[in-house]
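Asks: Sequence:
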Amino acid sequence: MTHNETKARVPKRIPFRMHPRVFAALGADLVTNDVVAVIELVKNSYDAFAKKAWVRFGKDPDQGSYLEVEDDGHGMDWATIEDVWCVVATPYRLQNPTVTEGKKVRRVAGEKGLGRLAVARLGDRLDMLTQASDGTCWHVTVDWSDLAAAGAMKSCFVECTEYGGESPFAGTGTRVRVYGLKSAWDEGQVDDLEENLSRLLPPFAHVQDFSVFLRAPGDEQIEEEAKVRSPEFLSRPKYSITGHVDGDGNIHALYKYSPIGEGQPRRKSVSFKWSQVWSEIQDPHLKDSLSDNCAGCGPFEVEIRVWDIGTDDTREITERFDIEKNQVRKAIRAHKGISVYRDGILVLPKSEGSRDWLGLDLRRVSRLARLSTSQIVGYVSITADNNPGVRDTSDREGFRSTPEVAAFEELLKAIIGSIENERSQDRHPPGDEQPMEELLGSVSGEDLLSETSEVAAEGGSAQDLVPIVTEHGEQLERTRRSIQTRFTYYSRLATVGTIAQMLVHEIRNRTTSFGSFVQFIKERVLPVMNGQLTSKAASAGDSVACLERLADTFAPLASRAFRRRKRNSILEERIRNCLALAEGEIKRKGIITSCPQSTETSIAVDPGELDTVLLNLINNATYWLDQAPKEKRLEFRLVPIMEGKRVRVFVHDSGPGVSKEDSERIFRPGVTAKPNGIGMGLTVASELVAEYGGKMALRQPGTLGGASFCFDLPIRS
Numbered sequence: 003m004t005h006n007e008t009k010a011r012v013p014k015r016i017p018f019r020m021h022p023r024v025f026a027a028l029g030a031d032l033v034t035n036d037v038v039a040v041i042e043l044v045k046n047s048y049d050a051f052a053k054k055a056w057v058r059f060g061k062d063p064d065q066g067s068y069l070e071v072e073d074d075g076h077g078m079d080w081a082t083i084e085d086v087w088c089v090v091a092t093p094y095r096l097q098n099p100t101v102t103e104g105k106k107v108r109r110v111a112g113e114k115g116l117g118r119l120a121v122a123r124l125g126d127r128l129d130m131l132t133q134a135s136d137g138t139c140w141h142v143t144v145d146w147s148d149l150a151a152a153g154a155m156k157s158c159f160v161e162c163t164e165y166g167g168e169s170p171f172a173g174t175g176t177r178v179r180v181y182g183l184k185s186a187w188d189e190g191q192v193d194d195l196e197e198n199l200s201r202l203l204p205p206f207a208h209v210q211d212f213s214v215f216l217r218a219p220g221d222e223q224i225e226e227e228a229k230v231r232s233p234e235f236l237s238r239p240k241y242s243i244t245g246h247v248d249g250d251g252n253i254h255a256l257y258k259y260s261p262i263g264e265g266q267p268r269r270k271s272v273s274f275k276w277s278q279v280w281s282e283i284q285d286p287h288l289k290d291s292l293s294d295n296c297a298g299c300g301p302f303e304v305e306i307r308v309w310d311i312g313t314d315d316t317r318e319i320t321e322r323f324d325i326e327k328n329q330v331r332k333a334i335r336a337h338k339g340i341s342v343y344r345d346g347i348l349v350l351p352k353s354e355g356s357r358d359w360l361g362l363d364l365r366r367v368s369r370l371a372r373l374s375t376s377q378i379v380g381y382v383s384i385t386a387d388n389n390p391g392v393r394d395t396s397d398r399e400g401f402r403s404t405p406e407v408a409a410f411e412e413l414l415k416a417i418i419g420s421i422e423n424e425r426s427q428d429r430h431p432p433g434d435e436q437p438m439e440e441l442l443g444s445v446s447g448e449d450l451l452s453e454t455s456e457v458a459a460e461g462g463s464a465q466d467l468v469p470i471v472t473e474h475g476e477q478l479e480r481t482r483r484s485i486q487t488r489f490t491y492y493s494r495l496a497t498v499g500t501i502a503q504m505l506v507h508e509i510r511n512r513t514t515s516f517g518s519f520v521q522f523i524k525e526r527v528l529p530v531m532n533g534q535l536t537s538k539a540a541s542a543g544d545s546v547a548c549l550e551r552l553a554d555t556f557a558p559l560a561s562r563a564f565r566r567r568k569r570n571s572i573l574e575e576r577i578r579n580c581l582a583l584a585e586g587e588i589k590r591k592g593i594i595t596s597c598p599q600s601t602e603t604s605i606a607v608d609p610g611e612l613d614t615v616l617l618n619l620i621n622n623a624t625y626w627l628d629q630a631p632k633e634k635r636l637e638f639r640l641v642p643i644m645e646g647k648r649v650r651v652f653v654h655d656s657g658p659g660v661s662k663e664d665s666e667r668i669f670r671p672g673v674t675a676k677p678n679g680i681g682m683g684l685t686v687a688s689e690l691v692a693e694y695g696g697k698m699a700l701r702q703p704g705t706l707g708g709a710s711f712c713f714d715l716p717i718r719s
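Here the sequence shown is numbered in my numbering, starting from 3 and rising by one per residue.
Don't read these hints as lab results, they were simulated from the structure.
Computed from a predicted model, the values in this text were never measured in an experiment.
Using N, Cα and C, we set each Cβ at its ideal position, and we do this for glycine too.
It is possible that some hints are incorrect.
With a Cα cut of at most 16 Å, we get these calculated EDC-like pairs of lysine to aspartate or glutamate [what the hints assert, rightly or not]: (1) 275 / 234; (2) 45 / 234; (3) 591 / 282; (4) 332 / 303; (5) 676 / 689; (6) 258 / 663; (7) 289 / 363; (8) 45 / 70; (9) 415 / 387; (10) 184 / 36; (11) 332 / 234; (12) 54 / 70; (13) 53 / 79; (14) 105 / 36; (15) 332 / 211; (16) 415 / 363; (17) 106 / 345; (18) 697 / 714; (19) 275 / 587; (20) 591 / 294; (21) 54 / 85; (22) 229 / 196.
Have a look at the derived ranges for each label pair, beta carbon to beta carbon [claimed, not checked]: (23) 104 / 662: 46 to 54 Å; (24) 332 / 61: 22 to 30 Å; (25) 633 / 599: 18 to 26 Å; (26) 662 / 254: 19 to 27 Å.
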């Protein structure tokens, strides 16, 4: 290699450069809309330890319309302007995450050093006055258009002079005024701004040291700005759940039902372990990315408030709190959704488009009883210290895609699922739901015919029949809703046979060929190979056997006999097969199981329907055994009854058991304590048992200290 060739390969260092257009580009791209831009400026006031911030629209006779944000915060001296404010993406807030005033400490909301560029989105020119404790008032001006037109960064300057006029500050503070506004700020935008300003601080946290005031366009003659505040009724919800999630991801909360009109107030403690939340995650990739032992997102506090927003419900609120009806929906709309606050200041959502960042409305497709975003005002409190992995994106419109954020979202969905379940019970008091045989009986017109005949015999008029017919109509409507709910569940159940056929077919086709290959390896290759290959082949053989057992489990559902109800099952065999299907959860949680091994009880029950009953009970037990105070056990016991004509099946677990409140309703449709449950499992199981002349019951207290279920089935003669 020659000297010239060596010289040619020496790399040259080319410095990075930025064009002055970066100011306008960052302001436009990192701040999604004008309302968010104003919020960023108000957050800067908060970070300066301001107690008050004023947002004003006005007109200058020489420079035209403007928007300004003034505060009584710490203000800036020359050094701060030069070394912090004029440094784009400064690490100052990262290095100084708190501000102090006397003994008070406030965690700052900003840390990226880009918030001031929000001004570039709002208008062409910035005019700022700022005064720190040294008493000097500085006048800073920036023309963003001139900066963007400059040829190089070295030509970009901020004009800063000592202010010659009378300082507008009694002590310290900053006033940022934006001229050359890019938006007209119509009434709708101003309303949107007011709504978002009212959400900047938690609506039900009693923050006494920061207030925001607003003067809208056209109100220049009004001397005193209106304080942005939330209406009183937001602090008095009909349903609420308040609590915290600990460092491991375990939920500890209290549900409250506080009816505005008629109704009995109710409270209930709600608690779930992270492992229970994790076990209910449906996405396998998401589930694999998270640990079942610890959520990893850090501890946080949560308060969720819910209202019914039907016509009668809003009327109750207007009468109780002396507020106009349209203002009720407007106030809920202003705060709707789940808002996340980091160290007391709003992080998410910032705009209307991201209110449903948790996807609550999409969940309603699978279950009508779920809450919509428009019914919820939620407050989640995180901190930079406790939740470092829960970070928002640069455009302030969402969270970054990380395992910590995923766990955080799953926990919030579980808490919302809990309040949905409890609210459902309070909206439909005990007795609203009926067993299937009673439900179908209510459809009969015999009662209506009998009552109308009595009225006619007594010489009653058509007007006398109206209340009777009305009551019957309401009963039919309740029955219709209940049947619709059950039909949704049953229609899913009806597809299981078709799905099972495909599953069994595919598994057996694959395992046959793969099993033959494994057998070939064992017979032809293993005798001449080492022990490592032997171990791998044995593992592959076990996997094939596991898949075949899975196919055997689904076989009864896939057979044509399932549809015509084949009345022939070996009870002990079906119990073992169903336990094998739940083997993963049983092993993961360390559950000790036991079922009869030395007997074979032939029963006149379809194996597919029997599996439906058993799997519901097993899945419930494995879920709640996460909260077992001691050894986790699941037991099956069989006892012949009625001189050997039937067999009673007992299912015992050592979990937390069933509360007295829930035990009275547990077999009713829609009743569930699982955050993501639909409350139909035990309903279907008990109705299937009833189809075979039996009855399912809950026994209190449980034999092992938890839940004890029993049901009876006919023995095959």
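Asks: Each hint: holds or not?
Replies: Hint check results:
1. 275 / 234: Roughly 34 Å separates the two Cα atoms, so the pair is violated.
2. 45 / 234: violated, 24 Å
3. 591 / 282: holds, 14 Å
4. 332 / 303: Violated. Residue 332 to residue 303 sits at ~26 Å, over the 16 Å cutoff.
5. 676 / 689: Roughly 21 Å between the alpha carbons, so the hint for residue 676 and residue 689 is violated.
6. 258 / 663: Holds - the C-alpha atoms of residue 663 and residue 258 are around 15 Å apart, at most 16 Å.
7. 289 / 363: At roughly 22 Å apart (the allowed maximum being 16 Å), residue 363 and residue 289 break the hint.
8. 45 / 70: holds, 14 Å
9. 415 / 387: Violated, at roughly 23 Å.
10. 184 / 36: At roughly 9 Å apart (the allowed maximum being 16 Å), residue 36 and residue 184 satisfy the hint.
11. 332 / 234: The given pair, whose Cα atoms are some 13 Å apart, holds under the 16 Å limit.
12. 54 / 70: holds, 14 Å
13. 53 / 79: violated, 19 Å
14. 105 / 36: violated, 36 Å
15. 332 / 211: Not satisfied, since the Cα-Cα distance of roughly 26 Å exceeds 16 Å.
16. 415 / 363: The hint holds at about 12 Å.
17. 106 / 345: Within the cut-off at roughly 14 Å; holds.
18. 697 / 714: Judged against 16 Å, a Cα distance of about 6 Å means the pair holds.
19. 275 / 587: With Cα atoms ~15 Å apart, residue 275 and residue 587 stay inside 16 Å; holds.
20. 591 / 294: Status holds; Cα separation ~10 Å.
21. 54 / 85: Since the Cα atoms of residue 54 and residue 85 sit roughly 26 Å apart, the hinted pair is violated (cutoff 16 Å).
22. 229 / 196: With a Cα-Cα distance of about 10 Å, the restraint between residue 229 and residue 196 holds, given a limit of 16 Å.
23. 104 / 662: 46 to 54 Å: holds, 52 Å
24. 332 / 61: 22 to 30 Å: holds, 28 Å
25. 633 / 599: 18 to 26 Å: With Cβ atoms ~21 Å apart, the hint holds.
26. 662 / 254: 19 to 27 Å: Roughly 21 Å apart at Cβ, these two residues keep to the hinted range, so it holds.
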